[in-house]
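Chemist: Here is what each chain is made of, one letter per residue.
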Amino acid sequence: QQPVQSPQAVILREGEDAVINCSSSKALYSVHWYRQKHGEAPVFLMILLKGGEQKGHDKISASFNEKKQQSSLYLTASQLSYSGTYFCGTATGANNLFFGTGTRLTVIP
Amino acid sequence: DGGITQSPKYLFRKEGQNVTLSCEQNLNHDAMYWYRQDPGQGLRLIYYSQIVNDFQKGDIAEGYSVSREKKESFPLTVTSAQKNPTAFYLCASKPSTSTDTQYFGPGTRLTVL
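Chains as they are written, first to last, in the numbering used here: chain A, 1 to 109; chain B, 1 to 113.
Rather than coming from a laboratory, the hints here were simulated on the basis of the structure.
Keep in mind it's a predicted model, so treat the numbers as computed, not measured.
Using N, Cα and C, we set each Cβ at its ideal position, and we do this for glycine too.
Do not rely on the hints blindly, as some may be mistaken.
Not everything, but these chain A residues come out facing chain B in the computed CB check (under 10 Å) [as the list claims (entries may be wrong)]: (1) 39; (2) 40; (3) 44; (4) 80; (5) 81; (6) 84.
Negatives, chain B to chain A, calculated, CB over 12 Å [stated by the list, open to error]: (7) 37; (8) 41; (9) 45; (10) 53; (11) 59; (12) 63; (13) 65; (14) 67; (15) 68; (16) 69; (17) 72; (18) 84; (19) 90; (20) 91; (21) 100; (22) 101.
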């Protein structure tokens, strides 16, 4: 039930945009996005519930396509602080999260 | 100050020794989780507990044991039966409602020499 994330890694210059995708073979109830800095705990970014909603704060937003069982995380006008590994966690109901293997994002000056 | 604490941050043990990793939360969350993370890998679920005195195996429970005697505490023991215990261990918790997300502790990096 592990979701598949793409790309595995991406390098951006400050100010550029990026999209990280997360797809599942199972019908999803929710998608949770986290960012993890090296050696630290994952930090919660946002949760999307089935219904195809889009959420966001600041320059980071996400969408959830219920029909395709896919979620995308959008990072616009990237900043150095956006560097880290982004994980999606998927849930098929009121149960556990299954995490993807992560997307390593590096923002360079 | 509410949150999840894990101790110690770094732990070294000799091969063949059991070791217990601490996880405490004062968020009044019902569910607690233990994950293992290896370099370049995602998070793999070891054990989880939805309520006190009850816990379930995750995907990679072999060589690990847990207890949940108190709501706020969920210690993980890495036994000598775990073949490759060196990893970063993360504890998480969440409220009981299904739409809530999990919140992670700072992690413990275990190195077995």
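Chemist: Using Cβ atoms and 12 Å as the threshold, tell me whether residue 37 of chain B really stays out of contact range of chain A.
Modeler: violated, 9 Å
Chemist: Does the claim that residue 101 of chain B lies outside the interface with chain A hold up, using a Cβ gap greater than 12 Å?
Modeler: violated, 5 Å
Chemist: For residue 72 of chain B, which was marked as not at the interface, is the minimum beta-carbon distance to chain A over 12 Å?
Modeler: holds, 18 Å
Chemist: Minimum Cβ distance from residue 80 of chain A to chain B below 10 Å?
Modeler: violated, 22 Å
Chemist: Take a quick look at residue 84 of chain B and tell me if its Cβ sits farther than 12 Å from every Cβ on chain A, holds or violated.
Modeler: holds, 18 Å
Chemist: Quick check on the hint: residue 84 of chain A CB to chain B CB, less than 10 Å?
Modeler: Nearest chain B Cβ about 14 Å off; hint violated.
Chemist: For the restraint on residue 81 of chain A, tell me whether the closest CB of chain B is nearer than 10 Å.
Modeler: With a minimum Cβ separation of about 19 Å from chain B (threshold 10 Å), the hint on residue 81 of chain A is violated.
Chemist: Checking a non-interface call: every C-beta of chain A should be farther than 12 Å from the C-beta of residue 59 of chain B. Is that right?
Modeler: With a cut-off of 12 Å, residue 59 of chain B comes too close to chain A, as the shortest Cβ separation is near 9 Å.
Chemist: Does the CB of residue 39 of chain A sit less than 10 Å away from some CB of chain B?
Modeler: holds, 7 Å
Chemist: Just double-check residue 91 of chain B for me: nearest Cβ-Cβ distance to chain A has to come out over 12 Å.
Modeler: Given that some Cβ of chain A is not farther than 12 Å from that of residue 91 of chain B, nearest at about 9 Å, it is violated.
Chemist: Please check whether residue 40 of chain A passes as an interface residue: C-beta within 10 Å of a C-beta belonging to chain B.
Modeler: holds, 7 Å
Chemist: Would residue 68 of chain B pass as off the interface with chain A, using Cβ distances and a cut of 12 Å?
Modeler: holds, 16 Å
Violated hints, listed in ascending order, are 4, 5, 6, 7, 8, 9, 11, 19, 20, 21 and 22; each of the other numbered hints is respected by the structure.
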